[in-house]
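Asks: All letters in the sequence shown, in the order written, are residues -21 to -1, 1 to 436 by mature numbering (1 follows the signal peptide of the UniProt record, and there is no 0).
Check the hints yourself; a few may be wrong.
[Claimed, not checked] Here are the in silico distance ranges between beta carbons for each label pair:
hint, residue 1, residue 2, range
1, Ala292, Arg133, 31 to 39 Å
2, Ile323, Arg150, 23 to 31 Å
3, Asp355, Asn423, 20 to 28 Å
4, Glu326, Gln140, 15 to 23 Å
5, Ser331, Gly376, 19 to 27 Å
6, Phe328, Gln140, 15 to 23 Å
7, Ser295, Arg101, 29 to 37 Å
8, Ile323, Asp355, 33 to 41 Å
9, Ser373, Thr329, 30 to 38 Å
Bear in mind the hints are in silico, worked out from the structure with no lab data behind them.
For each residue, glycine too, the CB sits at the ideal point set by N, CA and C.
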Amino acid sequence: MRRRMMRRLIWPLHTVRVVGGRVTVHTGVRTATTPNVSAAPARVRLTIVAPPRSVHREPEVDALRSALPRVLPCCARATARTPWCSEMSAERRNKMVVLFMCLVHVRTFRLPVYSTNQEAARITISDVSWLNRQKREAGRFPDKARIRISFDSRLIDFDIQRTYPAGFAPRVFVKREGAIVQNPYQMLQAGIYQDVSHGGAFLLCHRSANRSIESPDESRDAFEIFGSFHADNDQFVVQPSPDNVKGHMVSKIANEKLFFDSTKPQDYTYKAGLLESAARQHLRFRRQTKKYEIELLSVVDYNSYLFWYNLTAGSSDRHTDTVANIMEYMTYMVSAIDVRYQSISGEPFTISVLNSGVFIADTPEASPWSVTKVTDGRLPSNEGLTAFTEWVKSQTGLPKHDHAMGFTGYDVIGMTSGSDSSGIAGLRVLCTKDSTSLVEDKFNFITMTTASHELGH
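Sequences are here, hints too, so could you generate the full structure?
Replies: Structure below.
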């Protein structure tokens, strides 16, 4: 039995999950599944093989070593007793096989529920990229698939395509000891997809063990689906039902009236063709196709961090899970913004929005641009944007970007009479030193509309 519980896993360690009492570990290269452990606490012996130097660089080995205690919390005690984490040369460490006896930590990503005008929906998934292959590894996501959503006498087929490749790890930055540093390596545990023809942006997660989704082939993985799409001049949201039972719900996004502010930088002087000129100088520009690619940096303030932190109650590592959830949420957010711009038709150019990275303020000191400007939970839009712009200019560790967008969990108020405001941005400042915007994060699909609007200034 002990031999059967030992599995050899090759870097990179990807995800760990429990389905039907079996613990499955995905590495991006192969999958290992233990015998059924539902009858007792899951003690699983895993063999982690460090790669040879010729295959992976030393920093990646270090990233694996530092990530293990987060992914498998009980590894911390085990690694403390092994030479790999103490006085061992890099050459020996790359050849060392380490055995772990550990409890398995499982994180399930869930977007906040949008609960307006919900209707039951039936969803089927047809995998079109792996149909002629052997049974695929559990835990992997197809590159392409067809989703059929049936609700309210409507039947819509979506041909979705994966936005990011397998093993993609968004760049996440935090502030430590006064300096901006990149957070340890974490891969997406969800599949992010688009269907430009329907203005659709979707996030697929492997379903929880106590949930189900209809699928044309029961041998295939089942998914929970979050996303938004357009149909008949309306925008809809699809998400798992909030009562933790079988099925999904579709909601029509209410026609809320959104209020926006705009401002001009102090040295702003408009000239005809400024955007075209700036794009040629700063955007990745392809003359033949006139394709503009905008690198968007997302900056999440401390109040938004607290919102996500409060959703991780019961987690054994709340900070790590919070950062991972924000990373996946913001990666999906950028994809949703991107699909809105790709859906623009009738123009002699196309626009794509790329994910430059995510900065997460996990302390109040890391987001002074919002924390120091707020009064009674309300953030004046103009003051907040000015402070955010100056903060971005003063930082040296942020990744290269064409536009920085600040997301705040505070209530943003307008420049006049303290009225509500969904966001604010400078006019015609894209790709300049003042290319910033401020968005009130409502933690729902309305935020994506606001963010798309502000980027368009």
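Asks: Hints broken by the structure, by number, lowest first?
Replies: none
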